[in-house]
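As they're listed, the protein sequences go chains D and Z.
If you read the first sequence in full-length UniProt numbering, its first letter stands for residue 1, the second for the next number, and so on.
If you read the second sequence in full-length UniProt numbering, its first letter stands for residue 1, the second for the next number, and so on.
Where chain Z lies over chain D, by a calculated footprint (3+ residues, C-beta under 8 Å):
| # | region |
| --- | --- |
| 1 | 41–51 |
| 2 | 128–137 |
| 3 | 226–238 |
Far from chain Z, some chain D residues (derived; all Cβ distances over 12 Å):
| # | residue |
| --- | --- |
| 4 | D64 |
| 5 | N97 |
| 6 | N246 |
Here are the simulated distance ranges between beta carbons:
| # | chain 1 | residue 1 | chain 2 | residue 2 | range |
| --- | --- | --- | --- | --- | --- |
| 7 | D | L286 | Z | N226 | 36 to 42 Å |
| 8 | Z | Y230 | D | D64 | 56 to 62 Å |
| 9 | D | V45 | Z | S165 | 19 to 25 Å |
| 10 | Z | V306 | D | W96 | 43 to 49 Å |
| 11 | Z | Q207 | D | D64 | 45 to 51 Å |
Bear in mind the hints are in silico, worked out from the structure with no lab data behind them.
Quick reminder that beta carbons are idealized off the backbone N, C-alpha and C, glycines included.
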Amino acid sequence: MSTTTAPSRRKSPVSAAAPAAGRTSGKTSINGRTFTIVSVIVLIVFAIVWLIPSLFALKTSLTDNGTAALGATNILKDWNPTLHSYASFFQAGDIWNWYFASGFTSVVTAILTVLFASMAAFALSRLKFRGQNVVFLLIILGIMIPGQVLIVPIFQELNATNLLNTYWSVIFPQVPAVIAVFIFKQFFDGIPKELEEAARIDGAGIWKVYWSVVMPLSRPVIAAVTILTFVGVWNNLLLPLFVLSNPNLMTIPVGLATVQGSYGLRYADIQAGALLAALPLIILYLIFQRQIVEGVTGSGLKG
Amino acid sequence: MTATPALGRTAAARTTSEVRSTKRFSPLSRGDGRRAWLFLAPFGVFYLAFLLGPTVWMLVSSFFNTSTVHAGLGSFAGFKNYGEMLTRSDFWSSMWHTLQFTIYTTPPLVILAFFFAVLTNRIRRGQWFFRLAFFLPYILPSATISLIWVFIFTPSSGLFASVQSALGMTPGAGVLASPNTAMIGVAVATVWWTLGFNFVLYLAGLQEIPRELYEAAAVDGATTWNQIRYITLPLLSRTTTLVILLQIVASLKIFDQVYLMTSGGPGISTQVALGLITNTGFTDDRIGAASAASVLLLIVIVAIAVIRQIIDTRLARKDA
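With the hints as constraints, model all of the structure from the sequences given.
Written as structure tokens, this is what we have:
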């Protein structure tokens, strides 16, 4: 699909962008306007293409299972929206367990990550100590080691410590997010030393400088790291898939993965489940759009 | 859990040299040493227990016939696990499928993200709408995107089959059912899902290019195409390198979409590296062999990370 449309997409910036040349010269400002109109149209077309899968899933989830089983054409033609699929999910009860598991593990991991990563970053950024370079090297090494590749030894470790099938088995391995230390350190490095020195002259200890001076100034990074960790843990499939086998403890992605097969032709129910899995994240995104986007660019550029 | 003694030892070593080193530090940071280690300790414990520790254990167990069936490392195997992996055809085909996935996803994820970002950046009002449309899929769980796309690719009655029929084409047995197209289906879902990440990186990069550069170029009579070619593209080269390398590393770690959409099938046509590792470790109970495969995958990932570091330092130097 993408291979057939790619060439035509690639051509567009050339033809669409050409008229904009005159935008700054004033004389050809009409061309500038034409360019803007063309690019808006092109973008709207692609934005719609990008929205179709989600909107189609939404439409399916609001159709009854019988109509949905007849196929895409029938789903699009059907105009009797029903909340039946959502209602049956909520009545079945599993979803509440999944929400709790995902919510609990995501919140606890986010709190521990923010607290521990910011403390470590504080030490690296504001304090001087022997072995600092070694610690820094270990942190860089940690960025290169992806947690996914460690799934087998981590499983063995959790098995040996009897942590399998507890929420801790999902939380603990996700706490050492080295990238969070990096993001915090980057931000702390930018806080003027004078602020800290003033506090210290007033008799504040290191802990107080961290907790009452540096952390309150770091709200934007705290928000970004919190949300990115939350989203990351909520969306994680690999780790909980192998460390949780008790259905009562399953997080949403695992629950959905195990239920997928047993739902057979109940397409509307499956799509409702898919959207319910994402619902808290969509709400979070709409509230914290800026922090999420800034967090992503921060983690990408400074990683 | 081995963290505390190690940290304690180093902290003790630090105190003996405190007198010597305080001279170099400002009076304000005197005595920071021990407290610095206290600040590092909580993260350090988790780092050693769930990142460095497992890595070392993985390296060690890759040389043993470790299995979940019996406790401990099992008998010593030397390089046998590595030898087995490097001669197993399904190891190489899983590496090939991973590469195939990278080849399918990287160009559209770079080109489309760049294209969408350049256009969006030119628009003054309504940017939020395009951010929403392109970025929202990125925060969806892989379980959600997989269920959505499996449904779209449902044979004969799915949305994709309906579009094909409407265009006068004959829908086949389904994109995900054929060994030739299953990986393309996974790639399409992934491009749709993760484009927003690159899109946002490019938007951030574009916003750092000073407007005056374009204005000066326009005064000199440069066409917009030339402006993109000689200003935008070179100034975004750092973002592009980053995007490509991040994508390659992400592709090497691909698991979720494949597990949920095709479970490696049909046959083993979409079996990827992590799929092979988890199968060997958890289904076949052969931890040692799975560890060897993990180490091989890790070597590739670290090599790319090192390349990225080198390129990034070079580009940073060029920028400065």
